[in-house]
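Participant: Using the sequences and the hints, build the whole thing.
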Amino acid sequence: MKDSESRSYSLREIARRFGGDIAGNPEFEVRRVATLENAGPDCIAFLANTRYLPQLKATRAGAVIVGKAARAATRVPRIVCANPYAYFARVSTLFNPAPGAQPGVHPTAVVAGSARVAVDAEIGPCAVIEGGAEIGAGCVIGAGCCIGEGVVIGAGTRLYANVSIYHGCVVGEHVILHAGVVIGSDGFGLAMEEGRWVKVPQVGCVVIGNDVEIGANTTVDRGALDDTVIEEGVKLDNQIQVGHNVRIGAHTAIAACTGIAGSAKIGRHCRIGGASGIAGHITIADGVEISTYTLITKSIDRPGTYTGAYAFEPHRDWLRNAAQLRHLAELARRVRALEKKSKQPKRSKP
Amino acid sequence: MKDSESRSYSLREIARRFGGDIAGNPEFEVRRVATLENAGPDCIAFLANTRYLPQLKATRAGAVIVGKAARAATRVPRIVCANPYAYFARVSTLFNPAPGAQPGVHPTAVVAGSARVAVDAEIGPCAVIEGGAEIGAGCVIGAGCCIGEGVVIGAGTRLYANVSIYHGCVVGEHVILHAGVVIGSDGFGLAMEEGRWVKVPQVGCVVIGNDVEIGANTTVDRGALDDTVIEEGVKLDNQIQVGHNVRIGAHTAIAACTGIAGSAKIGRHCRIGGASGIAGHITIADGVEISTYTLITKSIDRPGTYTGAYAFEPHRDWLRNAAQLRHLAELARRVRALEKKSKQPKRSKP
Amino acid sequence: MKDSESRSYSLREIARRFGGDIAGNPEFEVRRVATLENAGPDCIAFLANTRYLPQLKATRAGAVIVGKAARAATRVPRIVCANPYAYFARVSTLFNPAPGAQPGVHPTAVVAGSARVAVDAEIGPCAVIEGGAEIGAGCVIGAGCCIGEGVVIGAGTRLYANVSIYHGCVVGEHVILHAGVVIGSDGFGLAMEEGRWVKVPQVGCVVIGNDVEIGANTTVDRGALDDTVIEEGVKLDNQIQVGHNVRIGAHTAIAACTGIAGSAKIGRHCRIGGASGIAGHITIADGVEISTYTLITKSIDRPGTYTGAYAFEPHRDWLRNAAQLRHLAELARRVRALEKKSKQPKRSKP
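Protein chains in written order, with my numbering: chain A, 5 to 354; chain B, 5 to 354; chain C, 5 to 354.
Incorrect hints may have been included.
No copy is singled out in the list; a pair is fine if it fits within one copy or between any two copies.
Taking lysine-lysine pairs in the DSS-like style, the calculated list, with each CA pair at most 30 Å apart, reads [as the list claims (entries may be wrong)]:
id, residue 1, residue 2
1, Lys-203, Lys-269
2, Lys-61, Lys-203
3, Lys-61, Lys-302
4, Lys-61, Lys-72
5, Lys-72, Lys-203
6, Lys-61, Lys-269
7, Lys-344, Lys-72
8, Lys-72, Lys-345
The hints are simulated quantities; they were obtained by calculation from the structure and are not laboratory data.
As the structure is a computational prediction, the values presented were derived from the model and not from experiment.
Facilitator: Below, the structure written as structure tokens:
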């Protein structure tokens, strides 16, 4: 699956496409991308973090992409640019383009008569497209996907295997949904009545903007009455849970295993660490960063980084320290008492 | 997908079905349900929390459902009742009834000869029903579902797309399983022997009671020897993990991303917050509430609310404060020493 | 689904296969395995933990497996051995052998012409095997599985329903993948450029060793450039997330809901509790144990048990204590001030 058979590009060709300065031989022909550590002589690698300077020194890569500060750190033919990691992303895409759709509906797919499928879309084996659904130009619907009634999927979107989209949801253009993703399942809407839960019908939908990517087995619930909205350019990692009526602002990235409770509003350009939690009905400003394993229980109205994880330690130490957590308020009270006492004149004691 | 084409009901008709007092015009015709915020003049909305009183004042809804305390808070035609949210759930269900089964087995479904499928059940495209399985009256088995050997599914149960149920499991009546749910996978039973894990066969099953709802991509493991049991009326949100031999008591609700380790017994009428954890082999009493992100490591024998989450703060503050966690036991010791010292007569020092 | 129809084995036959000493009647015929609590007179049960001695006293089991210390704790016919739980695992497997493959490709499966499927492999209904894939001898590919281009699956491996494996991944022999597992989805590789995320192509693969078991709905991302590797004998529970370029050492077991961030290296023979988190780019030594709900943020270079969970308490107490967390650094400063003050000679204050 590696790009061993793709064509080669000279550094000159690469720089013509993506910019940057060339240092060293511009005619060097690159055949593949690789890590500094495992690159061979036909590879281009990159340095995005000075932590890896030793690997730059030791690399067998034929060429590298570096930032301006590292221009002189190697003699390997190189492209010098402002943002080596983004540059590398573009070069890697040049060598590893996303495979295009192979137009046509597989004979084992089940497409309702009232569905509209673009002629150049690819519908995989055993995929199911229900009535009134629309599949845009150049889409790839993977094997075993189930697309509910009236779902609209924009052009150039790719669903990997076994994705489920419930009725009425809307997916933008150039979206990627990984295997096992579920879009539009019922939100957790329940009313308690005489000791039993009464289900609240979930009649909103999910609306996903353009250029969104959603990781494997992530779930996005439909809105209770209004819609759940994921704005353009949002990137969700694997196994994230998005509750009903959540809104995630454009270009926000969220790492794996995070849970977002119902009606939370997350701003644009946020970065949210893995296994974090966002409480329901709160609002998070644009540009907020949340650390891994952090539970956000209140609205955050200004950018910055927020953290709330318990730092690990050897179990024996943890046993002793964590036990004190249950006495913290008491400990604080005792310190106040000591302070008060220490301020009293000592001589008054006979 | 909204309910725009369903019939209308007057407030009088609604109150005749579900009770409550009408204030204002009883002939007002409702066509849809909506939030206070987004309702139009043909909608009925509801107020279940005084926090939203400003939205009640501003609503364009044609009618509202309110509690007794809010009877006079609006002039909009209204139904006054004891439990507005549950009332609203019933009204919303009136306008948005769950779609019924469309009887029949899709030609691409694979139903074993020894399976018994009720004549009015709906078996979706590419669904697989293995030998000896029984599908009850009025069931809907979604596209791509896989129902293992000997599985029994009660009447009126609905499985959305791509649900997998392993052999021998039993699902009650009027159950809802959302897309990607897995029921009856092997529990995590392993014995260590000379540096290698030996698999312990998981030969119990999963038994799910009536009126249970299970959210998307939730997993419920089969028992090791005895069964894993989910009692009637339990509501599980998305991406919950239920270990082998767990028992969840009737009418307990558990929010998303929670993990329940093997052999835990959870009582009836509990409410468990999202991303919480329940340790194995413990027992939780009826009526317990557990907060979001809380790990329960010991049995709880009385009702109440239990919490154990780390409160977030700006990262810089967290760095300073969390570092002290590792010195808490020492800090407590130092405070004790100060207290002891402060009680000694000072004059004894020459 | 219980083993009621399998043949019986005498204690003598069992001990001949698996070793151990027999105390009591060696001709006792065992028909089933069971828990001490629910065993009937034709069952063999086991005692692996002295905590369950009362259940041993009360059991109706016809035979039991016990350790040497418990040899005299019962008069029931018994096998005495060094490791009763592992012994029980083997006996249970004798009574409950994994079902073998039923050779053949189901007529609704879709197997590419260039795929190679062993003649004795079983390919279930609606499974999809793409071009160039290889399915080894005796494999079982469950209903609805999607096996990507060029995937290689070793002999004796079993995939339950609705598993998705992306192109190019390699799965060893005697591996078990439970329903909903996703192998080889794209890692979360993104470069930020002018306020937008640029996707970094994920061109590595996933390589899974022999005798690995992976639980339901667990996801394993493909490597960015090099591969993600799960070594032989690793056991992963349900709903675990394994990021790109992670390496998990042989015979490590990880409980459910754990998240492992990109490029983390986990040693051999580790035991990792449920819902824990491993940060990216760190290394964990062989033989490390990590407690449930613990976030590991730094490399661990020696064996031992590490913990970092917040201990729960009644909500009212938690409110008071957790509030102090935000003042811990200040509290420590105040204690230092008190200590300093208490060391000053008091008499100097005239």
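Participant: Which of the listed hints are not met by the structure?
Facilitator: 7 and 8
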